[in-house]
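K.L.:
Taking the hints into account, I'd like the entire structure generated from these sequences.
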Amino acid sequence: MSADRSWLDEALCAQTDPHLWTDVPTGGGYTKARRICQRCPVLAACEAHADWLEERGLGIDGMWAGKTRRERRHEQQLEEAA
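Position 59 of the sequence shown, counted from 1, bears residue number 59 in the UniProt record's numbering, the numbering being contiguous throughout.
Any given hint might turn out to be false.
Unchecked claim - Label-pair restraints from in silico Cβ distances: (1) Glu80 <-> Gln15: 31 to 39 Å; (2) Leu53 <-> Glu80: 13 to 21 Å; (3) Leu78 <-> Ser6: 27 to 35 Å.
Everything labelled a hint here was simulated from the structure, so no lab data went into it. Every residue gets a Cβ at the ideal spot worked out from N, C-alpha and C, and that includes glycine.
P.N.:
Next up, the structure:
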(Lines of atoms letter the chains of each structure in order from A and count residues from 1; the text may use other names and numbers.)
(Lines give C-alpha, C1' and ligand atoms only; values in the text may rest on other atoms or scores of the structure.)
Protein backbone atom coordinates (compact mmCIF):
# COMPACT_ATOMS: atom_id res chain seq x y z
CA MET A 1 0.00 0.00 0.00
CA SER A 2 1.08 3.55 -0.49
CA ALA A 3 -0.16 7.02 0.14
CA ASP A 4 -2.32 6.64 -2.98
CA ARG A 5 -5.91 7.36 -2.04
CA SER A 6 -7.53 7.14 -5.47
CA TRP A 7 -9.66 4.26 -4.17
CA LEU A 8 -11.59 6.84 -2.13
CA ASP A 9 -13.47 7.81 -5.28
CA GLU A 10 -15.34 4.50 -4.99
CA ALA A 11 -15.65 4.44 -1.20
CA LEU A 12 -19.22 4.52 0.08
CA CYS A 13 -18.12 6.54 3.11
CA ALA A 14 -17.03 9.34 0.79
CA GLN A 15 -20.64 9.58 -0.39
CA THR A 16 -22.24 9.84 3.06
CA ASP A 17 -22.01 11.88 6.25
CA PRO A 18 -18.33 11.74 7.36
CA HIS A 19 -19.34 12.08 10.99
CA LEU A 20 -20.60 8.49 10.93
CA TRP A 21 -16.94 7.39 10.90
CA THR A 22 -15.26 10.09 12.92
CA ASP A 23 -17.49 11.18 15.78
CA VAL A 24 -17.65 9.35 19.05
CA PRO A 25 -20.81 7.34 18.54
CA THR A 26 -23.74 7.40 20.88
CA GLY A 27 -26.44 4.82 21.37
CA GLY A 28 -26.01 2.38 18.49
CA GLY A 29 -22.33 3.09 18.15
CA TYR A 30 -20.91 2.66 14.71
CA THR A 31 -23.76 0.37 13.60
CA LYS A 32 -24.75 2.40 10.54
CA ALA A 33 -21.13 2.94 9.49
CA ARG A 34 -20.39 -0.80 9.82
CA ARG A 35 -23.36 -1.66 7.59
CA ILE A 36 -22.12 0.74 4.94
CA CYS A 37 -18.56 -0.60 5.19
CA GLN A 38 -19.73 -4.20 4.77
CA ARG A 39 -21.03 -3.48 1.28
CA CYS A 40 -18.27 -1.09 0.21
CA PRO A 41 -16.43 -2.12 -2.98
CA VAL A 42 -13.09 -0.82 -1.67
CA LEU A 43 -13.16 -2.32 1.83
CA ALA A 44 -9.84 -4.15 1.34
CA ALA A 45 -8.09 -1.02 0.06
CA CYS A 46 -9.44 0.94 3.01
CA GLU A 47 -8.09 -1.61 5.48
CA ALA A 48 -4.72 -1.69 3.74
CA HIS A 49 -4.53 2.09 3.86
CA ALA A 50 -5.41 2.15 7.57
CA ASP A 51 -2.66 -0.41 8.21
CA TRP A 52 -0.20 1.64 6.14
CA LEU A 53 -0.97 4.77 8.17
CA GLU A 54 -0.64 2.99 11.50
CA GLU A 55 2.63 1.29 10.51
CA ARG A 56 4.07 4.77 10.04
CA GLY A 57 2.83 6.02 13.38
CA LEU A 58 0.23 8.24 11.76
CA GLY A 59 -2.47 7.54 14.32
CA ILE A 60 -5.92 7.37 12.88
CA ASP A 61 -9.16 7.64 14.74
CA GLY A 62 -12.68 6.67 13.94
CA MET A 63 -13.69 3.72 11.85
CA TRP A 64 -11.74 2.41 8.87
CA ALA A 65 -12.80 -0.69 6.92
CA GLY A 66 -15.56 -1.39 9.40
CA LYS A 67 -13.22 -1.45 12.41
CA THR A 68 -12.42 0.98 15.18
CA ARG A 69 -8.86 1.77 16.19
CA ARG A 70 -9.24 -0.49 19.22
CA GLU A 71 -10.48 -3.37 17.06
CA ARG A 72 -7.58 -2.94 14.63
CA ARG A 73 -5.07 -2.95 17.50
CA HIS A 74 -6.65 -6.07 18.99
CA GLU A 75 -6.40 -7.88 15.64
CA GLN A 76 -2.77 -6.81 15.33
CA GLN A 77 -1.98 -8.16 18.80
CA LEU A 78 -3.61 -11.48 17.94
CA GLU A 79 -1.59 -11.72 14.73
CA GLU A 80 1.65 -10.93 16.56
CA ALA A 81 0.90 -13.55 19.22
CA ALA A 82 0.22 -16.27 16.62
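K.L.:
Against this structure, judge whether each hint is valid.
P.N.:
Evaluation of the provided hints:
no. : hint                        : result
1   : Glu80 <-> Gln15: 31 to 39 Å : 35 Å, holds
2   : Leu53 <-> Glu80: 13 to 21 Å : 18 Å, holds
3   : Leu78 <-> Ser6: 27 to 35 Å  : 31 Å, holds
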